[in-house]
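Model the full structure from these sequences, guided by the hints.
Number of protein chains: 2
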Amino acid sequence: MTTEQLTDQIKKKQSFLCIGLDVDLSKIPQHLLTEDDPIFEFNKAIIDATHHLCVSYKPNTAFYEAYGIKGWQALEKTINYLNEKHPEIFTIADAKRGDIGNTSSMYAKAFFEDLVFDSVTVAPYMGKDSVEPFLAFKNKHTILLALTSNEGAFDFQTKLVDGKEMYKQVLETSKTWENAENLMYVVGATKAEYLADIRQIVPESFLLVPGVGAQGGNLQDVCKYGMSKNVGLLINSSRGIIYASNQEDFAEAAAKKAQNMQQEMAVILKNAN
Amino acid sequence: MTTEQLTDQIKKKQSFLCIGLDVDLSKIPQHLLTEDDPIFEFNKAIIDATHHLCVSYKPNTAFYEAYGIKGWQALEKTINYLNEKHPEIFTIADAKRGDIGNTSSMYAKAFFEDLVFDSVTVAPYMGKDSVEPFLAFKNKHTILLALTSNEGAFDFQTKLVDGKEMYKQVLETSKTWENAENLMYVVGATKAEYLADIRQIVPESFLLVPGVGAQGGNLQDVCKYGMSKNVGLLINSSRGIIYASNQEDFAEAAAKKAQNMQQEMAVILKNAN
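Going down the list, the protein sequences come from chains Y and S. Just remember that my numbering sits 755 ahead of the position in the first sequence, which is counted from 1. Just remember that my numbering sits 755 ahead of the position in the second sequence, which is counted from 1.
Please keep in mind that the hints were generated in silico from the structure rather than gathered at the bench. A portion of the hints provided could be inaccurate.
[As the list claims (entries may be wrong)] Taking lysine-lysine pairs in the DSS-like style, the calculated list, with each CA pair at most 27 Å apart, reads:
1. S:K919 with Y:K930
2. Y:K825 with S:K840
3. Y:K919 with S:K930
4. Y:K832 with Y:K864
5. S:K767 with Y:K914
6. S:K923 with Y:K914
7. Y:K825 with S:K832
8. S:K840 with S:K768
9. Y:K832 with S:K832
10. S:K832 with Y:K919
11. S:K923 with Y:K895
12. Y:K930 with Y:K895
13. S:K825 with Y:K840
14. Y:K799 with S:K825
15. Y:K893 with S:K799
16. Y:K825 with Y:K766
17. S:K825 with Y:K832
18. S:K782 with Y:K864
19. Y:K914 with S:K930
20. S:K825 with Y:K825
21. S:K864 with Y:K825
22. S:K914 with Y:K825
23. Y:K825 with S:K768
24. S:K914 with Y:K930
25. S:K832 with Y:K864
26. S:K919 with Y:K799
27. Y:K832 with Y:K919
28. Y:K864 with S:K825
29. S:K979 with Y:K930
30. S:K864 with Y:K864
31. S:K919 with Y:K782
32. Y:K782 with S:K923
33. S:K914 with Y:K919
34. S:K893 with S:K767
35. S:K864 with Y:K832
36. S:K782 with Y:K919
37. Y:K864 with S:K799
What you are looking at is a predicted structure, and each value in this text was computed from that prediction instead of being measured.
Now the structure itself:
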């Protein structure tokens, strides 16, 4: 998928919502546990109920790997379902991978070819040759961790390197890499005030913004500081939407939460014009 | 496994060799491709031929994920085979994971409980709360990326932060984390001269050292600068051993390469006493 197609979808749906499919079997409705594949059944119901309200789904691979082969199968079924039923949706494998060159190529193959995702999140610590193998894929997107939403972001990401915070060094350096136009960045909503500075460095890039909702980030602030002229934001909410109810009405409850966010986004988009 | 058990094994086998099981179907002997599970058959043959010459095996998860469900199954069979047949071997899931706290817990569950590895490699970029969930597991080890063997290590890891290189900040900061005694570190053999400084910060910790062989690192130099009084080194070789031959004799050829390294290590250990 191209970024233009993603922007078109945002304008059409009046939404820049990404729903995180972080399925924890201890949190989903108990009646699903008797199904053959409770993880996929949960995802399918959430997708069926919310696909018109969001532009992206983001399964975090940790939640699938924790269930071994069955988890990996559920992930495969989920991405296949999305690609078949809703090919307009931008799919993100939230995997936070990164390794030496030939190994990163194998990860890229895993997420772009075996599981056919549009994008994957990647950690920057190992530098250029650990990221470029992902960037080599045409119309695929590499979402680099810049400033994450957790407390530990202050351990290294905000430390000054040559008078400039590490996450800014990551942003600036990454712009020099081959096929840098395929980069997007993770910037946590819990650090919305940093977004103005970030937009000075990457004015047009899409930013994937976790941390609205359960982690306390604020949508209005994120948009105030982070919106580009082509929107350029994907706001992720996981637990706040998918665990709105753990009863039989879980999918409807999730849709209601997603609709609240979509409506708030529609107002923001209208005011931005 | 405890580090004492690992050290005992090193002394008994006179080896601190770790063999990287990075299986690429385009590089293994072609006659294996007709097997039901060529990846596992390849690993099994390598393990059968080399287990007395090394103390550790390290599958890199990228090579398994690239083959989807079949790859994940091969990884599961490999770790189960190791735990059943060679429980004395120290097993490393080279996964380079790391995410916000509740998500890192899921990764820890994936590699310590679902697949029963002794250790997992973890990236430090997201800081304390992304690593501590791994450290919480007793007698399991978290191998934190400090200074990697690739060229991209110079992009961020060696940059000066408060007058000190980022990788040293990672080493120092990580020592303050809860259950820090469960930490080991990745330090590339291609940067052997840095090991003396690293030993000032972490004098006793085990270091996993990739980059000897295919990437050009030198075993003598690594030991000169990096060996602690309890050895404290695991030297990884992947391609240099497992792809010594791509004919029917591949396992014997791998054993010969492993034996060369083991014998070199035995001499080093003898001279160190």
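To see whether the hints hold, each was checked on the structure:
1. S:K919 with Y:K930: Holds. K919 (chain S) to K930 (chain Y) sits at ~25 Å (cutoff 27 Å).
2. Y:K825 with S:K840: holds (25 Å)
3. Y:K919 with S:K930: holds (25 Å)
4. Y:K832 with Y:K864: Given pair K832 (chain Y), K864 (chain Y) holds - Cα atoms ~18 Å apart, limit 27 Å.
5. S:K767 with Y:K914: Given that 27 Å is the threshold and the Cα spacing comes to 44 Å, the pair is violated.
6. S:K923 with Y:K914: holds (13 Å)
7. Y:K825 with S:K832: holds (15 Å)
8. S:K840 with S:K768: Holds, at roughly 17 Å.
9. Y:K832 with S:K832: holds (22 Å)
10. S:K832 with Y:K919: violated (47 Å)
11. S:K923 with Y:K895: violated (34 Å)
12. Y:K930 with Y:K895: holds (16 Å)
13. S:K825 with Y:K840: holds (25 Å)
14. Y:K799 with S:K825: Holds, at about 23 Å.
15. Y:K893 with S:K799: Roughly 37 Å between the alpha carbons, so the hint for K893 (chain Y) and K799 (chain S) is violated.
16. Y:K825 with Y:K766: Between K825 (chain Y) and K766 (chain Y) the Cα gap is close to 37 Å, so the pair fails against 27 Å, i.e. violated.
17. S:K825 with Y:K832: Given pair K825 (chain S), K832 (chain Y) holds - Cα atoms ~15 Å apart, limit 27 Å.
18. S:K782 with Y:K864: holds (16 Å)
19. Y:K914 with S:K930: holds (18 Å)
20. S:K825 with Y:K825: holds (12 Å)
21. S:K864 with Y:K825: holds (14 Å)
22. S:K914 with Y:K825: violated (42 Å)
23. Y:K825 with S:K768: violated (38 Å)
24. S:K914 with Y:K930: holds (18 Å)
25. S:K832 with Y:K864: holds (22 Å)
26. S:K919 with Y:K799: violated (49 Å)
27. Y:K832 with Y:K919: Cα-Cα ~43 Å, so violated.
28. Y:K864 with S:K825: holds (14 Å)
29. S:K979 with Y:K930: Roughly 39 Å between the alpha carbons, so the hint for K979 (chain S) and K930 (chain Y) is violated.
30. S:K864 with Y:K864: Distance ~25 Å between K864 (chain S) and K864 (chain Y) Cα, so the pair holds.
31. S:K919 with Y:K782: The given pair, whose Cα atoms are some 44 Å apart, is violated under the 27 Å limit.
32. Y:K782 with S:K923: violated (40 Å)
33. S:K914 with Y:K919: Distance ~11 Å between K914 (chain S) and K919 (chain Y) Cα, so the pair holds.
34. S:K893 with S:K767: holds (24 Å)
35. S:K864 with Y:K832: holds (22 Å)
36. S:K782 with Y:K919: Not OK: K782 (chain S) and K919 (chain Y) at ~44 Å, beyond 27 Å, violated.
37. Y:K864 with S:K799: OK: K864 (chain Y) and K799 (chain S) at ~25 Å, within 27 Å.
Comparing the model with each earlier hint shows violations of hints 5, 10, 11, 15, 16, 22, 23, 26, 27, 29, 31, 32 and 36; every other hint is respected.
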